[in-house]
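Student: Modelling step: build the complete structure from the supplied sequences, incorporating the hints.
Taken in order, these protein sequences are the chains called A and B. Positions 1 to 466 (this note's numbering) are the ones given, in order, by the first sequence. Positions 1 to 338 (this note's numbering) are the ones given, in order, by the second sequence.
Think of the hints as simulated: they come from the structure by calculation, not from any bench. All figures in this text were calculated on a predicted structure; none of them were measured in a lab.
With a straight-line Cα cutoff of 16 Å, these simulated EDC-like cross-link-like pairs (lysine to aspartate or glutamate) come out:
hint, chain 1, residue 1, chain 2, residue 2
1, A, Lys46, A, Glu444
2, B, Lys302, A, Glu164
3, B, Lys328, A, Asp118
4, B, Lys106, A, Glu438
5, A, Lys208, A, Glu438
6, B, Lys302, A, Asp167
7, A, Lys441, B, Glu108
Which chain B residues stay away from chain A? Per the calculated CB distances, all over 12 Å, these:
hint, residue
8, Leu2
9, Val163
10, Thr290
With beta-carbon atoms standing in for the labels, derived distance ranges:
hint, chain 1, residue 1, chain 2, residue 2, range
11, B, Pro202, A, Ser421, 43 to 49 Å
12, B, Leu238, A, Asn166, 45 to 51 Å
13, A, Phe428, B, Leu257, 40 to 46 Å
14, B, His109, A, Ala276, 57 to 63 Å
Think of the CB as a built atom: it goes at the ideal place given N, C-alpha and C, for glycine as much as any other residue.
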Amino acid sequence: MDVVELSRIQFASTTLFHFLFVPLSIGLVFIIAIMETLYVVKKDDKYKKMAKFWGHLFLINFAVGVVTGILQEFQFGMNWSEYSRFVGDVFGAPLAIEALLAFFMESTFLGLWIFGWDRLPKWLHALCIWLVSLGTIFSAFFILSANSFMQHPVGEVLQNGRLEMNDFLAILTNGQLWVEFPHTVFGSFATGALFIIGISAIAFLRKKHVEFYKGSFKVAIVVALISGIGIALSGHEQALYLVETQPMKMAASEGLWEDSADPAPWTVLANIDTEAKENTGELKIPYLLSFLSYGEFSGSVEGMNTLQERYTELYGPGNYIPPVKTTFWSFRVMTVLGGAVLALSIWGAYLYARKKLVNSKWYLRLMIIAISFPFIGNSAGWIMTEIGRQPWVVFGYMKTEDAVSAGVTAGEVLFSLITFSALYLILFAVMITLFVREIKKGPEHDIEKTDPIADPFTKEGQHAFS
Amino acid sequence: MLSLNEFWFILVAVLFVGFFFLEGFDFGVGIASKFVAKDDLERRAFINSIGPYWDANEVWLITAIGAMFAAFPNWYASMLSGFYLCFAFILFGLIGRGVAFEFRGKAEHPTWRKTWDWVILFGSIIPPLTFGIMFTALIQGVPIDENMHMHAGVSDVINVYTVLGGVTLTMLCVWHGLIFGTLRLMDTLRERCRRAAKNLLPINAVLLVAFLGMTFFNTDMFSVHGNILEYLFMVGILVYIASGYFITRKRDGWAFLMSGLIMILLIASVFIGLFPRVMISSISEAYSLTVQTASSGDYSLKVMTYISLALLPFVLGYQIWSYYVFRKRVDHKEHMEY
Chain A
1 MDVVELSRIQ FASTTLFHFL FVPLSIGLVF IIAIMETLYV VKKDDKYKKM AKFWGHLFLI
61 NFAVGVVTGI LQEFQFGMNW SEYSRFVGDV FGAPLAIEAL LAFFMESTFL GLWIFGWDRL
121 PKWLHALCIW LVSLGTIFSA FFILSANSFM QHPVGEVLQN GRLEMNDFLA ILTNGQLWVE
181 FPHTVFGSFA TGALFIIGIS AIAFLRKKHV EFYKGSFKVA IVVALISGIG IALSGHEQAL
241 YLVETQPMKM AASEGLWEDS ADPAPWTVLA NIDTEAKENT GELKIPYLLS FLSYGEFSGS
301 VEGMNTLQER YTELYGPGNY IPPVKTTFWS FRVMTVLGGA VLALSIWGAY LYARKKLVNS
361 KWYLRLMIIA ISFPFIGNSA GWIMTEIGRQ PWVVFGYMKT EDAVSAGVTA GEVLFSLITF
421 SALYLILFAV MITLFVREIK KGPEHDIEKT DPIADPFTKE GQHAFS
Chain B
1 MLSLNEFWFI LVAVLFVGFF FLEGFDFGVG IASKFVAKDD LERRAFINSI GPYWDANEVW
61 LITAIGAMFA AFPNWYASML SGFYLCFAFI LFGLIGRGVA FEFRGKAEHP TWRKTWDWVI
121 LFGSIIPPLT FGIMFTALIQ GVPIDENMHM HAGVSDVINV YTVLGGVTLT MLCVWHGLIF
181 GTLRLMDTLR ERCRRAAKNL LPINAVLLVA FLGMTFFNTD MFSVHGNILE YLFMVGILVY
241 IASGYFITRK RDGWAFLMSG LIMILLIASV FIGLFPRVMI SSISEAYSLT VQTASSGDYS
301 LKVMTYISLA LLPFVLGYQI WSYYVFRKRV DHKEHMEY
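Tutor: Here it is as structure tokens:
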């Protein structure tokens, strides 16, 4: 394998791995912040217990998310140095702002939150976790603004042999960003919510700490319901935008070789033959693709062959069709799981309202499995987004094969790929073990430990600077 | 007036200086925890002394790298791909260390704890050691061709001089961390930190003199900008002597200020000596990357300048506040596991 392929495998694996933890962190910390706010407002210790218990799980997850994230900041330069040179003028700014605005906020206020239970007034302590939550959302916003630029470049000009920024505001108001960002954040909230729901389901089935988990479930199901709706709406908006800006990705995600009929039917399943550039056997729902693409029940959608011709004229000879099967199937996995999340949330809210939740064995069992749905859905969504953009790394400007580092050897990349993968596997195993341990310890484990020395100005504390 | 390129070079330098000043002591605490602490509780006290800070300290590095990417894409691209394996090792270290702090306290089994203690030790040694090696190689010059591509052989990165640089930086971190320990720990632990810091004084003096001596002969650092670095060197000697005085007199706060100043002087000198270059080519002076050739366009730099100037006061403000909140020493009698 050559440097390009190895680098792609490395980017895909490290980024997908990182993105298992990110959405869970974003979702959990948001829900924990709600719980702690309830504690401050209602002065009920049960909410504090919730914030602390889910906080333990959040911290384990956050640690892995952070350390796997450090790598992201470095690997553009390490593996994709030609890409970095070409787009650094535009692409570097959001990354730097992300660090300055979001990472400092997350890390400082998280430190204050972990070690500050006994040292800060309650409201200020709750504010700290809200600032961590805000930090994670800022982080998502800026990294997605960078990603959106790769999907749909705006605010740039090609000069001095590279892309240079000429309108920063355009980058922050990129239409792609404003469909991608809400979709990702709602997906993250759902990930956190379904995690809490799934763990609570285990407890209900075992009849352990039922009251505690009922309280957690209640908060989580509200978040799940709202994010389920948010995912669907923002997902639809994203499809409308996709047809306009990246029709090739849209066509590939539909397995659409020739221009569709008008109105366009949606292909549920297809047997795709990428060699012959046709599908043998399709299952279709009439009108639906027109609706997905334009929000109305008419309109034809361009096929890959038409687009290939147009792109060849525009960008010169080459293959502009992304890996169709991967794009097609990852899109289906994502949408089906997204729909399932919404349906299960509605069902759960109904059961809770009718006070049937704790005894609904089948629902609870299903919710344990459903913990995995958002994780798989998130990954599938990113696979579709990134694979569907190929062969481009920056749409219309630079191909992935030209982006790789010039001075790095395949051996070096292979070495880091193997060691990072091994390291990540170990991390993953340890993390799962710790999750299980913390969950088994249960919410009662956290016995209040009070601070025996309340006076900060003891003799010891004072004399450092005398 | 400063040009934007110069301003951003200074900002990147400040971020690296800040990183080594801050994470320098928590690397040091990570290493010292293995040797100075005698039992599990003491080790925990060491870790808690940096508990609320280390993560934010590490963000200084992330921000430095991010700023490099945004302001000097060619520097970022050439350096990270050129020192590929160095950065891979730094990442292993940082990844291991980061999770170790979090995971260590989650179970009580001695093997579990011991394993993570080793990870903390190596995770705290590898980054400063590798950074020291890398920065030394950087000022010595590395083979960079006319296309800004760096093709370094092993001996360009690993040689007596660079390894000396790595060891010196690491030992300075240990020393800086021990002095930080005297500020945040109590009783016998505090005493032991102070004693260890004192014992390191002569060793580090030898390392520093040897390193600066080799720098004098191996690089152009001392000649590029008149006598600036000579003056800084003299200041450094005074600060070092002062640090010895304060450590012996148990004036820990002042001693910490001095060890911090040594760190600041050392890292700042690297950047002063580099300027206006950001990477020195050993093939031809003409191939060196400079603040002009490596940088982003004016528009991008201007936007970044406004944004960072608007954000920095807040960032610095709440970080200082967090140090204020945890100004109290780590007490064994308190809740120790988080």
